[in-house]
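Asks: Chains as they are written, first to last, in our numbering: chain W, 1 to 473; chain L, 1 to 473; chain D, 1 to 473.
Hints are not guaranteed to be accurate.
Each pair may be met inside one copy or between any two copies, as identical chains are not told apart.
[What the hints assert, rightly or not] Below, simulated EDC-like cross-link-like pairs (lysine to aspartate or glutamate); rule was C-alpha separation at most 20 Å, straight line: (1) K36 with E201; (2) K169 with D200; (3) K315 with E448; (4) K41 with E359; (5) K266 with E448; (6) K169 with E205; (7) K41 with E201; (8) K51 with D34; (9) K36 with D166; (10) K324 with D200; (11) K36 with E357; (12) K41 with D389; (13) K324 with E198; (14) K36 with D265; (15) K41 with E357; (16) K169 with E198; (17) K169 with E438; (18) K315 with D166; (19) K315 with D200; (20) K36 with E359; (21) K41 with E379.
Just so you know, the hints here were simulated from the structure itself, not pulled from any lab data.
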Amino acid sequence: MVAVALRCRLATFLVFAQIAFILLFAFFTEYDDDAKPIPRKLSDGSNPLHKYYPMFQDVHVMMFIGFGFLMTFLKKYGFSSVGLNMLIAATCIQWGTLCLGLFDCVETGRSRISLGITSLIEADIAAATVLISFGVVLGKTSALQLFVMLIVELVLYATNEWIVTDILKISDVGDSIIVHTFGAYFGLTVSVLLRRSELDEHPNEGSNYQSDLFAMIGTVFLWLYWPSFNAGLLTGEVQHRVVINTYYSLAACCVTAFAISALVDKHGRFNMVHIQNSTLAGGVAIGAAANLLVHPFGALIIGSSAAILSVLGYKYITPFLNSKLGIHDTCGVNNLHGMPGILAAIISSIAVSAASEQEYGYSLYEQYPAMAPPLNSTELTRIQRQFPDVTAGIGRTASAQAGMQIVAMLVTLGIAISGGIVAGVLLRLPGLASPPAESLFDDITAWEVPETEVYKPSESNNAVSPRSNNEIK
Amino acid sequence: MVAVALRCRLATFLVFAQIAFILLFAFFTEYDDDAKPIPRKLSDGSNPLHKYYPMFQDVHVMMFIGFGFLMTFLKKYGFSSVGLNMLIAATCIQWGTLCLGLFDCVETGRSRISLGITSLIEADIAAATVLISFGVVLGKTSALQLFVMLIVELVLYATNEWIVTDILKISDVGDSIIVHTFGAYFGLTVSVLLRRSELDEHPNEGSNYQSDLFAMIGTVFLWLYWPSFNAGLLTGEVQHRVVINTYYSLAACCVTAFAISALVDKHGRFNMVHIQNSTLAGGVAIGAAANLLVHPFGALIIGSSAAILSVLGYKYITPFLNSKLGIHDTCGVNNLHGMPGILAAIISSIAVSAASEQEYGYSLYEQYPAMAPPLNSTELTRIQRQFPDVTAGIGRTASAQAGMQIVAMLVTLGIAISGGIVAGVLLRLPGLASPPAESLFDDITAWEVPETEVYKPSESNNAVSPRSNNEIK
Amino acid sequence: MVAVALRCRLATFLVFAQIAFILLFAFFTEYDDDAKPIPRKLSDGSNPLHKYYPMFQDVHVMMFIGFGFLMTFLKKYGFSSVGLNMLIAATCIQWGTLCLGLFDCVETGRSRISLGITSLIEADIAAATVLISFGVVLGKTSALQLFVMLIVELVLYATNEWIVTDILKISDVGDSIIVHTFGAYFGLTVSVLLRRSELDEHPNEGSNYQSDLFAMIGTVFLWLYWPSFNAGLLTGEVQHRVVINTYYSLAACCVTAFAISALVDKHGRFNMVHIQNSTLAGGVAIGAAANLLVHPFGALIIGSSAAILSVLGYKYITPFLNSKLGIHDTCGVNNLHGMPGILAAIISSIAVSAASEQEYGYSLYEQYPAMAPPLNSTELTRIQRQFPDVTAGIGRTASAQAGMQIVAMLVTLGIAISGGIVAGVLLRLPGLASPPAESLFDDITAWEVPETEVYKPSESNNAVSPRSNNEIK
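Okay, chain W solo, but in the shape it has when bound:
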């Protein structure tokens, strides 16, 4: 009886949301000009699609394969990890398009959201934010709760993204502040509000040999395609530099994560949790400064630092947060996205404080538009005579820009945490099918799990090795 009601509730939510998305798309979206027919012309052979598509697909793989399989490390929660990840991301793609598009319309004064390859990348990146928060509450929430969370989170994500990028005018090419920091602390706040005593030492919360291998599929694809995540919306030599910085940051991060993982283990062994997660922290930590001339050796230092921070986080901070502060963090998101995201903001602040037009040329004003000379200044007139694309800034100094990177991080933390409180309160509403204590971290609450045990004596041996029947019985 209750099950029937719940069934209707989740399905009803999903159906209504999908209908709402269809209506909103009908009234508020249109194809980008680059995807519309050209009146009285043939197809145009060249199109921005070609430029963005390969990195778009890399980011797409990170969202669905990367995050999805990374979370399959839980031994009884694989269907949910990869399945609910897919449901969440596919919902975020639609809802994120609308939330981001709204602010885009506000900025540009257009009445319809324009859909093209760059907006697809942005929709995928919006999904990343929610998937990061999902990692914190993994195994402790119903699909219905997750759905409510994502609806709230993306509105706040888009708001924060607009404040940070368009008002505060900071640069965060790899979305370390906007996505990683936001998603992590939003999720951690929600987790505090969903705290329950049964989480302590729950027998389902752990991996097994196979689930750890499945998780490595996610880890490795995230690691490989991270340069595309950081560089996907950029162009020219800036994009090239972001790729190089991210590549070397991740390489150093991987080596250092292995080293520290062995060092903190009493037998000197590697720990799968660290390898699955901390090897990726270098991609986050370089994110807000990857466009800057940090030099390749700077990228290595940043990657190594992130690895140290992340492994020590898993070893010492996560248990502390859980036992002392009551913050349960299933995937250790604080160590992969949270602290490395804050580190990224600090690094970007230091790196930008030394940036000058001498070093960067006028592309500095593309990346940090507030640093461009102000309207009607002779300096601006001089530049615009040669490059009409440069827009007026406010003549912000490098150190002011450095400060603003930190302000943006603090604003992000503020919105993430207060938004997390709102979402957490909503998620505690009765009727959202919070999973029962014994079914935490268990697919059984949301999935038809296959009936037949593969290793069931009468037939299972066959499955793996028909010839070993006798030995086993």
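Please build the complex by placing chains L and D on the supplied structure of chain W, with the hints as guidance.
Replies: Just chains L and D, lined up with the frame of chain W:
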């Protein structure tokens, strides 16, 4: 004795086929001009390869990882799913090149088949057709039977592709009619002819926890790269639009498939079969109309409709077909490729009936060449003065084109079903090593399965955790 | 106590190496000009990044997913396969950048190594060499030993690459000689020096059903992206031709590998070892000649020949080498990289012996620079008047070039084997934590393996299917 004979038979078939392919390639193929040296020149820096290669590789991944792992859901048939999938696809690449090339030579009057990056994409797409049919008969056929099936199927596929594209002049950018509908109903017809009573409730026909996770690797890669499948051979703003339409159709399809899956389950749980398959139906259903101005909200509606059709198909139609009509469909191909393919044809018919030069510009005549003004008409002369590339059509009206899309679907169904009958009769020939009843859906018929049981009591605990021996014993 | 010391040793090595890399990068590297800001300019929209990035990412996936998962076939060594593969590759990326860059500076006279997208591809390819050697010694070495091996190997790899490419001036577009042959025989030599009696029939050395499926993820991605490996650093119509040749070589290789695998099995079944490895040999065998006009049917013959060589190698040569010559080769690298690499050199020698300017145009002199007319020859002057990029060669004839391809292979073998002896002696030094006999091919030496047995009687059934408890008990 029988085994020895069979061994020779399969290997002999494969060896002879490979020798035949080598000879046919020697006499009938050559490199495309873009892959030949330029006499008395240096290498040309620009080459069409760059334009097509990223989407080619996406399609390539769909064929071998996507289809291959999607079918590993069967608990005892994983080696065959991914392994035979690889064998079939690698054979199809060669045989498909020849079959498609023959008709290409007929059209162009060339005496040799020209091999370049677009023909590689076409060969991969030809493989898709056979892999779809493979999904219907999965677990019920020997490698030898599959080999015979593919030889027959690709000849008919190329014939149908030629009729539908070059004679009937319809547009099917995502191959929903040409590949999905054809492959599904060809396979279903073969399956009817291979019907045997032992299929009912066969204990091997089912998944387990691990096999369902392996299958999700296939599902997610198919889902991610589907925009490349639909847009891979296109160019310019049409390609851009196909990517956008396919992306949003799949997003809506995913959300709706989860909703309907929960709705039709009596406990409101998600069913892995639906998630693995029905989330993809939106890619098929948009395929024949993805180039048209269906508007993003139209793409969402199409994706959602496909999901509803597909999940209900798995829930109600597949069991009905199996029990009442004797059509056994291992992967439920009718629900993922068959019915959504027919839906795609109907959608394309509706969408094209409203297409006009006013809306699409002259690119309409590139996509629907029969709609171009006829030879020697003043209208054509006027257009060609500006765009000499536009070729004469027959002045087909939009509603005639709409009708022709349906005719093409019916022709495809006719050729697929009659071809399936021929193939089915051939596959019933004795000596093709049809698997014995107890080994249906079991790798043991075709593979050396590893000897050692990993969880064998005496050493198995070790396999997972050597340190927990004592605790377990 | 010993464990503590060892822990410190490995971590210390890794930490010192990472610090050394940072210092060396600080003093000897810089961004490529294409990744530096353009003084007093805006960003440049066009950048070589776009041209190389898609194939770079394909190669990147091959290194980390391809090699990593291919080696997970061992039932108890999955963490090490994919994890240590990641550690090795991430280290090689840094150390390889430095080793290759040193010789690049020698050639160009620059004082700093220039880092850009092509150097990232080269660093990944350097990693391939070490990962191939890793395949030989898989399961028989500690992380510390592997680390020492890679440091030595990459120095010699870069030296050999410089001798073969810049001194002997041979062409090896797919690195069949430089990477595959070198890595295989270096590793095999190391393996001889690490020979120990406990390797015979070790119970851990084998696969299980799941581990074989994980391995197929690696196989299929390697197979799919091999055309990118062979063509990634090329351009224009040569690149196009390499893609076509590699694609068809692999297709024929796959079909033939299945055929021969069935043929050599007494029950006519396929063997997973052959399918996982021999299907790839065609990518190696075509590598050194893929730029030449071998004709598509030539590519099919080359792929088929490699498959025959490789499967027969697994069936007959590997057991022979192990039992008679004491060469233990865990992954059968000799059959996938070693012998096919030598075959590739021979094929390239035959194919180039027929190459002429008439057939290839002046692009011949780009690919085989020694064949260009010598300095101050009238012929060179004539060509340079039209194409100033063509540089003076030594007027080497086609047959001399053919001979030089063989010389290069012999030089490579010489350096690989003598380098392997040096590395092997180093690896036998006490204190490098060579794994104890009972823990060969076992993750337990290097990893914290999850404590909880998933199929532990009291709770395991739950793990797979909570509803089947009653049925099973």
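Asks: State for each hint whether it applies.
Replies: Hint-by-hint comparison with the structure:
With identical chains, the CA atoms of K36 and E201 are never at most 20 Å apart, being 56 Å at best within one copy and 51 Å at best between copies. Proximity of K169 and D200 under a CA criterion of 20 Å is satisfied in neither setting, with 43 Å inside one chain copy and 65 Å between copies. Only between protomers do K315 and E448 lie at most 20 Å apart by alpha-carbon distance; the minimum there is 14 Å, versus 35 Å within a single protomer. For a Cα distance limit of 20 Å, the shortest separation of K41 from E359 across copies, 11 Å, qualifies, whereas the shortest one inside one copy, 44 Å, does not.
Proximity of K266 and E448 under a CA criterion of 20 Å is satisfied inter-copy only: 10 Å between copies versus 41 Å inside one chain copy. Taking the closest pair of Cα atoms, K169 and E205 never come within 20 Å of each other, the shortest separation being 42 Å inside a single copy and 58 Å across copies. Taking CA atoms no more than 20 Å apart as the test, K41 paired with E201 passes in neither setting, with 66 Å inside one copy and 59 Å between copies. In this assembly of identical chains, K51 and D34 lie within 20 Å of each other by CA distance both inside one copy and across copies; the values are 13 Å within and 17 Å between.
Taking the shortest Cα distances, K36 and D166 never come within 20 Å of each other, neither inside one copy (28 Å) nor across copies (26 Å). In the homo-oligomer, the alpha carbons of K324 and D200 lie at most 20 Å apart inside one protomer (12 Å), although the nearest pairing across protomers, at 52 Å, exceeds that limit. Taking identical chains as interchangeable, the C-alpha atoms of K36 and E357 lie at most 20 Å apart only when they sit on different chains, with a minimum of 13 Å there against 38 Å within one chain. In the homo-oligomer, the alpha carbons of K41 and D389 lie at most 20 Å apart only across protomers (11 Å), although the nearest pairing inside one protomer, at 28 Å, exceeds that limit.
Proximity of K324 to E198 under the C-alpha cut-off of 20 Å is restricted to the intra-copy arrangement: shortest distance 15 Å within a copy versus 49 Å between copies. When the C-alpha separation of K36 and D265 is checked against a cutoff of 20 Å, the pair qualifies neither within a copy, at 58 Å, nor between copies, at 42 Å. Taking the shortest Cα distances, K41 and E357 sit within 20 Å of each other only across copies (10 Å), while inside one copy they are farther apart (42 Å). For a Cα distance limit of 20 Å, the shortest separation of K169 from E198 qualifies neither inside one copy, at 44 Å, nor across copies, at 65 Å.
For a Cα distance limit of 20 Å, the shortest separation of K169 from E438 qualifies neither inside one copy, at 48 Å, nor across copies, at 60 Å. Proximity of K315 and D166 under a CA criterion of 20 Å is satisfied in neither setting, with 38 Å inside one chain copy and 49 Å between copies. Taking identical chains as interchangeable, the C-alpha atoms of K315 and D200 lie at most 20 Å apart only when both belong to the same chain, with a minimum of 17 Å there against 40 Å between chains. Taking the shortest Cα distances, K36 and E359 sit within 20 Å of each other only across copies (9 Å), while inside one copy they are farther apart (40 Å).
Taking the shortest Cα distances, K41 and E379 sit within 20 Å of each other only across copies (15 Å), while inside one copy they are farther apart (42 Å).
Hints 1, 2, 6, 7, 9, 14, 16, 17 and 18 from the earlier list are contradicted by this structure; the remaining hints agree with it.
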